[in-house]
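With the hints as a guide, dock the two chains, each given alone in a separate frame, to form the complex.
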Amino acid sequence: MFEIVKREEMAGGTVILNEIAAPLIARKAKPGQFVIIKANEEGERIPLTMADTDPDKGTITIIYMVVGKSTALFKTLNVGDGYQDVIGPLGKATHLEKQGTVVCVGGGTGIAVLHPITRALKEIGNRVIGIIGARNRDLLILEDKMRSASNELHVCTDDGSYGRPGFVTEALKEILEKEDVRQVVAIGPVPMMKFVSGITAEYNVPTLVSLNPIMVDGTGMCGGCRVTVGGETRFACVDGPEFDGHKVDYDELMKRLQAYSEDERRCYNDFCRMEQ
Amino acid sequence: MSEKKARKETVSRQAMPEQAPEIRRRNFAEVPTGYTAETAVIEAGRCLQCKKPSCVEGCPVNVDIPGFIARIAEGDFKGAIRNLWTRNSLPAVCGRVCPQEIQCEGQCVLNKKGAPVAIGNLERFAADWARENNTGELPPRKASTGKKIAVVGSGPSGLTVAGDLIVKGHEVTVMEAFHKPGGVLVYGIPEFRLPKAIVAHEVDFLERLGVHVACNMVVGRTVTVDELFQEGYDAVYVGVGAGLPRFMNIPGENLIGILSANEYLTRANLMKAYKFPEVDTPIPMGKNVVVLGAGNVAMDAARTAMRLGADSVKIVYRRSRDEMPARTAEIHHAEEEGIEFFLLTNPVQYLGNDQGRLTGMECLKMELGEPDDSGRRRPVPISGSNFEMACDLVIVAVGSGANPLLTQSTEDMTLNRWGYIAADPETGKTTKRGVWAGGDIVTGAATVILAMGAGRKAADSIHEYLTWGW
Ligand SMILES: Cc1cc2nc3c(=O)[nH]c(=O)nc-3n(C[C@H](O)[C@H](O)[C@H](O)COP(=O)(O)OP(=O)(O)OC[C@H]3O[C@@H](n4cnc5c(N)ncnc54)[C@H](O)[C@@H]3O)c2cc1C
Ligand SMILES: Cc1cc2nc3c(=O)[nH]c(=O)nc-3n(C[C@H](O)[C@H](O)[C@H](O)COP(=O)(O)OP(=O)(O)OC[C@H]3O[C@@H](n4cnc5c(N)ncnc54)[C@H](O)[C@@H]3O)c2cc1C
Ligand code: SF4
Ligand code: SF4
Ligand code: FES
Ligand SMILES: [Mg+2]
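Chains as they are written, first to last, in full-length UniProt numbering: chain A, 1 to 276; chain B, 1 to 470.
Hints were generated in silico from the structure; no laboratory data involved. Yeah, the Cβ is synthetic: ideal placement off N, Cα and C, and Gly gets one too.
Where chain A lies over chain B, by a calculated footprint (3+ residues, C-beta under 8 Å):
| id | segment |
| --- | --- |
| 1 | 176-187 |
| 2 | 258-265 |
Under the rule of at most 27 Å between Cα atoms (straight-line distance), these lysine-lysine pairs were calculated in the BS3-like manner:
| id | chain 1 | residue 1 | chain 2 | residue 2 |
| --- | --- | --- | --- | --- |
| 3 | A | K28 | B | K432 |
| 4 | A | K75 | B | K272 |
| 5 | A | K75 | B | K275 |
| 6 | A | K145 | A | K75 |
| 7 | B | K148 | A | K28 |
| 8 | A | K194 | A | K122 |
| 9 | A | K255 | A | K194 |
| 10 | B | K287 | A | K255 |
| 11 | A | K255 | B | K275 |
| 12 | B | K432 | A | K92 |
| 13 | B | K272 | A | K255 |
Just chain B, with the same shape it has in the complex (with noise of 0.2 Å):
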C-alpha cells in the first residue's frame, strides 16, 4: 500500500450532521443538514482519485466522480459543480435521494472496509452551495433552430430532456397535468428529505433558460398528443410517470382511514395538508398507522404519519428485513425516528365501523419459502397464524402502475403487457413517429437517476432527429 493510501484511510468517513430523532419525528425540517465546507474538504480528501474509478461504473449516468470530488478537495467548489453539471442537471436532489450504497458508493473501493468515500453527501454540498452562492450564470445556449418541443410531465426524465434541448437551441415547453411542477420530487418526496424550495429553483433555473412550463395541462384530456403536432410541435417527449396507485385487493378497502401513498403523500406534500387548517387540503391525522410495503414510498409515508403527531406506526410487510427496497438511510432515519417494523406479515383483510371507518387489520405471519422468480424467497402464509392490529389510518404503498390517461389516448403508440410505453432503451424513440419516451412510465416505477438518465439519452435522439431526421 502506498504511504498516501494509508495516511487517506486513517481519515474517516465524514458523518452527515442531522437534526435529533426525538426532535425531528415532529417537524417536517430537512433531517440531514449538509456538511460544512471544512468537512467537505476533509470528506473530499479521502478519495483514493483511482485511475480506474470503479464509483462512475455505479453510477447510471456516470458522473465524473473523482473529477469533482477533487475539485471540492482543493476548495474549487466553482469548478466542482460546473463537473457535475455536464453528466447531471440536477445533483441537489441527485446527491439527496439516489440509492448511492447501491450505486456509486456501493461500488468505492474504500466500500470493502464498509466506508465509501461520502459521493451523495459530497454532490449535495456542492450543489447547495453553488445553489446558496447563486451567481446567476446560465449555460451558453445554441443559436434558435426554430423547432419546438413538447415535453409531458415535469418530473426528472421531463426536466432533464428539457433542460438538455433548450440550450441547443430549440424552443421547449413542459406541460405538467398538477398545477406544479417537478413530478414526484414535489408531490411524493416529502420536504423533510427533498425541500420543495431546492426543486422550484431547478425548475426556476429552466425557465430563466427559456422553457415554457405549462401547469394545469392533462395531455390525453386538454389536449392530445396528436393535436401538439397539428399545433406545430416538431417532437414530443413523454415522461408522465407510473403514477397509478396498487392497492392490497382485500376485503374492506374502501373504509374511510385507507389511502394509497400517492394520495396521502400528495396531500402532505403538494397540497401541504401538514399545515391544515392554515392551507385548505385536510389530511387524516391518524393516531395508529400502518404502512404496507417497506420500498421509499412506505418509508416516506410511515415518517410523514410520525411527523403528523401518530401515536404509533407500524410498517408491515410481507418479506424479510433483506428484501427491504428502500434506500438504507431511510430505514436507519425511519428506525431511529421510532417506527416499528412488522416483517414476515401480510394483511389479509380491513375490519370497520358501522361509519365505514378503518378500526383495524387482520394479518397473518409468514415464513420464506423457495427463491421466486425475482431470486428473492417468496412468502408463505403460515396457517393458523391469524391476529388483529388495531388501526386507524393505513397507508398502501405496495407499488404502483402505468396510468393509461395518456396512453389511451394516443394511437399507433405500443405499450407493454403492463401497460408501460414500449421505447427504445438506447435512443427512447416509441412506435409513434415523432414520439419519445423514458423514465418511470417506460421502466415501471424506479429512481431519480435513471429517469433522468433516459431522458438525457433521449434528448439526444430528439435533437439528431430534429437535425438529421427519424
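Excised from the complex, chain A in its bound form (with noise of 0.2 Å):
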C-alpha cells in the first residue's frame, strides 16, 4: 500500500492534493512525469502528473480535479488510508533548457502540472512569465507557488471574479507582442492549449504541451494513449506526454477523450448515488 501523508482540498473541495509515499518513485522522478494510480482491487489505472516530490522524505504529490468516479473515489481517501497500486515515474521529462524569456501558460488542474516545470525553468536562469487561468477566483490554484515559482505572474479569470478578466491566451498575446519570448510551454485543458499553440503559431515561437489521452498501461503495450502529432500516430504515455503544441491534432484528442463518456456517466452517478 501507498500511504497518504498529507491531504489538502482546493477550489472548494473539487481539487484534492495528496502527499503520497513513494520512495522509489520519488527518488526518480523529474517534473512533468506522470504516475499510474489504482486505489483498490476493482479500481481503474489512472494517470495523474507529479506536481512535485520530495525525495529524502520519499513522497510524491499528486493534485487532481475530482471529474468522474476514480477520482470521486480517491476524494473519500484521507490521510493513513493509502493506494493499492502507484506505478512510475513515467513518461519523458520535459526537456529544460536556458534560452531567455520563457511563458509558461496553466488552465484548471494544468497549473499543478506547471508548477514543477515552471520552477526548473526558473532554476537554470530563464526569466519566466507565468500566466494562469481559472473559470472564477473559487477554482484558481497554486496562486502563491507559481508567483515564487516565476518571475512575473498574471492571473485571469473566465468570470473577472479576480485578476484579469478574460483568457489567458488573451495575456499571452500581450506579452508576445512586447517581449523577445523563446518558448511557451501549456498545460491545461484540451482547447485551452490549442488556442495558445494557435497563437504561438503566429508568433513563430516554439511551445510545448503536455497531452492527456486515456490511458491504461503507461508503458507503450496498449496503444490506447495514441495521438497525432505532425501527421504521426505517436503513444503519448512513452513517447510524451510532452509534445511540439504546433503539430498535434487536438480535435483528434478531444474526440477520442470522449470514448467512454455514457459507461463513465453510469458509473460516477451510481456512485454518487451509493456514497449518499
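Here's what the structure looks like:
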C-alpha cells in the first residue's frame, strides 16, 4: 500500500492534493513525469502528473480534479489510508533548457502540472513569465506557488471575479507582442492548449504542451493513448506526454477523450448515489 | 501388430467435456471442464509407452511424456505430477495452452491415424489434481548461497527462472511493471481459456518457496538495470515479453472503436472490465465487431467480444484457412461459438462519423499468389474487389513487437534489427555482463512453453555463473 501522508482540499473541494509515500518513485521522478494510480482491487488505472516530489522524505504529490468515479473515490481517502498501486515515474521528463524569456501558461488543474516545470525553468536561469487562469476565483489553484516559481505572474479569470478578466490567451498575446519570448509551455484543458498553440504559431514561438489521452498501462503496451503529432501516430505515455504544440491534432484528441463518456457518467452516478 | 497394441487402439481418444457453445459464448467460465479421474486413466491407457517416444521430441522442454502418462494409467497421480514438475514448472498452464497439435501430440505415433494420445489434457489433469488435492508440499531448497537475482517480467519465462533459481539457494526478486504478476497469462489469455486462479496459484507457490514478487516496478523507469547491480544484485534476467502493439497503418486508425488486442484484452482480463460497472474500468461493447488477424490473440479477442454481448463477430484475415496461426482447438471453439471468418480479406481504410467514432471498414478481397519468404503463398489484392463492412469495434491483432522501454535505458546490451535482445540461444546470455534474456523479448511473440524453455536454460547458466563466474 502507498500511504497518503498529507491531504488538502482546494478550489472548494473540487481539487484534491495528496502527498503519497512512494520512495522509489520520488527518488527518480523529474518534472513533467506522471504516475498511474489504482485505489483498490476493482479500481481503474488513473494517470496523474506529479506536482512535486520530495526524495528525502520519499514522497510524491499529486493534485487532481474530481471529475468522475475514480477521482471521486480517491477523494474519499484520508491521511493514513492509501492506494493499492502507484506506478512510475512514467513518460519523458520535460526537456529543460536555458533560453532567455519563457512563458508558462496554465489552466485548471494543468497549473499543478505546470508548477514544477515553471520552477525548474527558472532555476536554470530563464526569465519566466507565468500566466494562470480559471473559470472563477474559487477554482483558481496554486497562485502562491506559481508566483514564487516565476519572475512575473499574470492571473486571469473567465468571469473577471479575480485578476485580469478573460482568457489566458489574451494575456499571452500581449506578452508576445512586447517581449522576445523564446519558448511557451502550455498545460491545461485541450481547448486551451489548442488556442495557445494557434497564437504562438502566429508568432513563431516554439510551444510545448502536455497531452492527457486515455491511458491504461502507461508503458507503451496498449496503444490506447495514441495521439497524432505532425501527421504521425505517437504513444503519449512513452513518446510524451509533452509534444510540440504546433503539430498536435487537438480535435482528434478531444474526440478520443470522449470514448467512454456514457459509461463513465453511468459509473459516476452510481457511485454518487451509493455515497449518499 | 502386437496384441497389446491392437487392444489399445480399440479405445478411442477420450473427448474433453466442454460447456455447450450456445451457453459458453455468453459467459467467461472455462470452456473445457477437465477429465475425471476415470477418463484420465482410460486415456492414459491408450499410450503405447513407445521405447523411442517421438512425442517427447515434439515437446520443446522434453517432458517425459510416457513416464507421466504411465503414472496416470496406474492411478498414481502424485507420481505423475512429480514427474511433470521435473521438466515443466507450469503444467496446468501448458496442458491448456500449448499448441499440442504441432508439438507433442503432433509427433505421437498414434497421430498417424489422427487420434494422438491427449497429452495436453492429461498434463492438465495431473496438474489440476495436484492443485485441488493441495498437499502444500514444497520442493527442497538448497542452503542459501547469498547471491541475489533480479528477474524482470513475471511472464512464463520469468516465473520459470525464479522457480529454478530459488530452489538452488539463491535469493530471487521478480519485478513486474503491472500491478499483478503473470505476464500474458493474466493480461492476455482470457479467463475462459486459462482461469486466473491457476496463475495466481503458481505465483503463490513461488512466493511460498521464498521468491519475492515486486509489482509496480517498471524497470527502465522506476529503477534501471545498471542500478540493480549497484543495489547489490549479482545477476539480472530480462523476460519482458513482446508487448508492443502493431497497428495496420491505414487511414482512420485513430477513430474511437479501434483498439489493439493488447488494450482490449488488458481491459477485459487484467482490469476485469467484463464486470463493468462493478469494476471501474470500461470496455467498448461492440455490436458488430471485427478482429483483424487469425492467431491465438485474435481468437481470444473475438471470443471475448462475443461474451461481452456482440451481435456479430468477424475474423478478417488476409491469408487463407491453412495459414491461420492459432491453435486448432481455438479456431474450432471460435467457430462453434458463432464467430464468422472472412478469409483472404484485407482492410484498406476505416470509416467514421463526425464524432470520430468508427462506423465501418473498407476491405479488399485477396487471392493467393507465389510463395513468399515464409514459404506461405503471398496474398495479393484483387483489384476492384473493394467492399464495405459495417462495424463499431475493430480489434487489431496483427502481431506485436519489442517494447523499447527497458532496452533503451540499458547500455551495452545488443539488440537485433527488430529491437529484440540478442542472446545466446544455448545460455540466454546477452552481450552485457551479468544479464540474461529469454522468452518473447528474444524470439519475438512465440509460445508459453518456448518462453519457459528459454527461462530454464538461462537459469542453468545463471547458476553456473554464480558458482563459477561469467
Ligand atoms: C499523463 C496524464 C496526466 C494527467 N495528470 C492529471 C493531473 O495532474 N490532475 C488531474 O486532475 N488530471 C490529470 N489527468 C487526467 C486524469 O487522468 C483524468 O481526469 C482521470 O482519469 C479521470 O478519471 P475518473 O474516473 O475520475 O473520471 P471519468 O468520468 O472516468 O473520466 C472523465 C474524463 O477523464 C478522461 N479519462 C478517463 N479515464 C482516463 C484514463 N484512464 N486516462 C486518462 N484520462 C482518462 C476522459 O476524457 C474522461 O471523459 C492526467 C491525464 C494524463 C493522461
Ligand atoms: C492473447 C494471447 C494469447 C496467447 N495464447 C497462447 C497460447 O494459447 N499458447 C501459447 O503457447 N502461447 C500463447 N500466447 C503467447 C504466449 O503467451 C507468450 O509467448 C508468452 O507469454 C511469452 O512469455 P514471456 O515470459 O516471454 O513474456 P510475457 O508473458 O509477455 O511477460 C512479460 C512480462 O514482463 C512485464 N514487463 C514488460 N516490460 C517490463 C519492464 N520494463 N519492467 C518490468 N516488467 C516488465 C510485462 O508486464 C509482462 O508481465 C498468447 C499470447 C497472447 C498475447
Ligand atoms: S509442455 Fe506442452 S508440448 Fe510439452 S508435453 Fe506438455 S503440452 Fe505437450
Ligand atoms: S508417441 Fe504417443 S503413444 Fe508413444 S509414448 Fe508418446 S504419447 Fe505414448
Ligand atoms: S497507455 Fe498504453 S500505450 Fe500508452
Ligand atoms: Mg473513470
